[in-house]
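Chemist: Okay, here's what each chain looks like letter by letter:
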Amino acid sequence: MTTSRLPIVAVLAAAAALGQASPARAQRLELTLSPRVVTFTSSDPDTVPIVAAAPIQVTYRVRQNNGPWTLSVLAAGDLISGASTVDIFNVTWTATPAPPFQNGTLSKTVAQTLASGSGNVNPTATGSVTFRVANSWTYDAGTYTQTVIFTLSAP
Amino acid sequence: MRHLFALLVVALWPALAEAQTDSATLNAAFTGLARLSFSANSITFVDADPDFVPQVSSSPATITISTKARASSGGTVTLSVQASDDLRSGVATIPASHVTWTVSGAGFLGGTLSATAAQTVATWTGSGVRSGTQSFYFRNLWTHPTGTYTLTMLYTLSAA
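Chains as they are written, first to last, in my numbering: chain S, 1 to 155; chain L, 1 to 160.
Okay, chain S solo, but in the shape it has when bound (with noise of 0.2 Å):
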């Protein structure tokens, strides 16, 4: 009898030695976005064709990794004011540094990748990236609004 429960103690040593281990793996990669809020404000489409916001700080670390690492946007819809919509295809960004990060368009349906990279990043390291809108006569008037997903990711 001694000797039948043994697996089963092994095997929740092996849980709970994963579930500890949990916490300290979240500290393996670390994401901060500075300001969480980006606003581009009105402007005539004839003027200011793009309309740039001011740049958000990425922040972000990685430790303990063998690996490639990547950091990508993916937002939740089109921008919406009501019943309106502006294609979100219709934001773009341009980010420093190059490399790791790159300029992209954003996209409601594929994750799209603002900075990639292999091994660690510690101590940590920031990028600066610029939001962009194409301005148009089209758009129906209206404050609108979307969030944007960045997620730091390593094997």
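Be aware that one or more of the hints could be misleading.
On the chain L side, residues computed to face chain S include the following (Cβ under 10 Å) [claimed, not checked]:
(1) 19
(2) 23
(3) 26
(4) 30
(5) 32
(6) 33
(7) 72
(8) 74
(9) 76
Pair by pair, the computed Cβ-Cβ distance ranges are [claimed, not checked]:
(10) 19/L <-> 82/S: 28 to 34 Å
(11) 126/S <-> 29/L: 53 to 59 Å
(12) 123/L <-> 125/S: 51 to 57 Å
(13) 48/L <-> 39/S: 29 to 35 Å
(14) 128/S <-> 104/L: 49 to 55 Å
(15) 39/L <-> 147/S: 44 to 50 Å
(16) 119/S <-> 23/L: 25 to 31 Å
(17) 97/L <-> 82/S: 39 to 45 Å
(18) 107/S <-> 61/L: 30 to 36 Å
(19) 19/L <-> 128/S: 19 to 25 Å
(20) 38/L <-> 128/S: 31 to 37 Å
Simulated from the structure, these hints should not be mistaken for laboratory data.
Heads up, the beta-carbon is just placed ideally off N, CA and C, and yes, glycines get one too.
Chain S is already provided as a structure; the job is to place chain L on it using the hints.
Modeler: Same frame as chain S, now just chain L:
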């Protein structure tokens, strides 16, 4: 059984890819705007014999009107015109209603000039860039006092 424990650990570990997320909120303001431009800022009706030219065409014959408007969803965009006064030459006047126009272009409407009420030149629904033309005519009569008459037409483009 220790082999089983080892296998479990190996099998679970590769599935534990790690990710950290943060989010930002995009706010974009697109306020109502309207812009209006013309191919010419003045038109002239030359003198003519009323028996042969009862309706005098303007020179240039047409004016191209370009509009750009950003309206609320389903909002109405309206282009209107109103004369500042009747045609006036010193103390002599000819009613502004002696000037009429025809149009081309989606949303444009023919009409008669008025010094007392704005007349609709075009109307559309929603934001966009549109253009059309206006061709002006002056009703030529023997009863008009001689003189050189002028008036100002004030155009208003509004987006609701």
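Chemist: Now tell me if each hint is right for this structure.
Modeler: Do the hints match the structure? See the list:
{"no.": "1", "hint": "19", "result": "holds, 4 Å"}
{"no.": "2", "hint": "23", "result": "holds, 5 Å"}
{"no.": "3", "hint": "26", "result": "holds, 5 Å"}
{"no.": "4", "hint": "30", "result": "holds, 5 Å"}
{"no.": "5", "hint": "32", "result": "holds, 4 Å"}
{"no.": "6", "hint": "33", "result": "holds, 6 Å"}
{"no.": "7", "hint": "72", "result": "holds, 5 Å"}
{"no.": "8", "hint": "74", "result": "holds, 8 Å"}
{"no.": "9", "hint": "76", "result": "violated, 12 Å"}
{"no.": "10", "hint": "19/L <-> 82/S: 28 to 34 Å", "result": "holds, 33 Å"}
{"no.": "11", "hint": "126/S <-> 29/L: 53 to 59 Å", "result": "violated, 28 Å"}
{"no.": "12", "hint": "123/L <-> 125/S: 51 to 57 Å", "result": "holds, 56 Å"}
{"no.": "13", "hint": "48/L <-> 39/S: 29 to 35 Å", "result": "violated, 60 Å"}
{"no.": "14", "hint": "128/S <-> 104/L: 49 to 55 Å", "result": "holds, 51 Å"}
{"no.": "15", "hint": "39/L <-> 147/S: 44 to 50 Å", "result": "holds, 46 Å"}
{"no.": "16", "hint": "119/S <-> 23/L: 25 to 31 Å", "result": "holds, 26 Å"}
{"no.": "17", "hint": "97/L <-> 82/S: 39 to 45 Å", "result": "holds, 43 Å"}
{"no.": "18", "hint": "107/S <-> 61/L: 30 to 36 Å", "result": "violated, 50 Å"}
{"no.": "19", "hint": "19/L <-> 128/S: 19 to 25 Å", "result": "holds, 22 Å"}
{"no.": "20", "hint": "38/L <-> 128/S: 31 to 37 Å", "result": "violated, 44 Å"}
Of the numbered hints stated above, those contradicted by the structure are hints 9, 11, 13, 18, 20, listed in ascending order.
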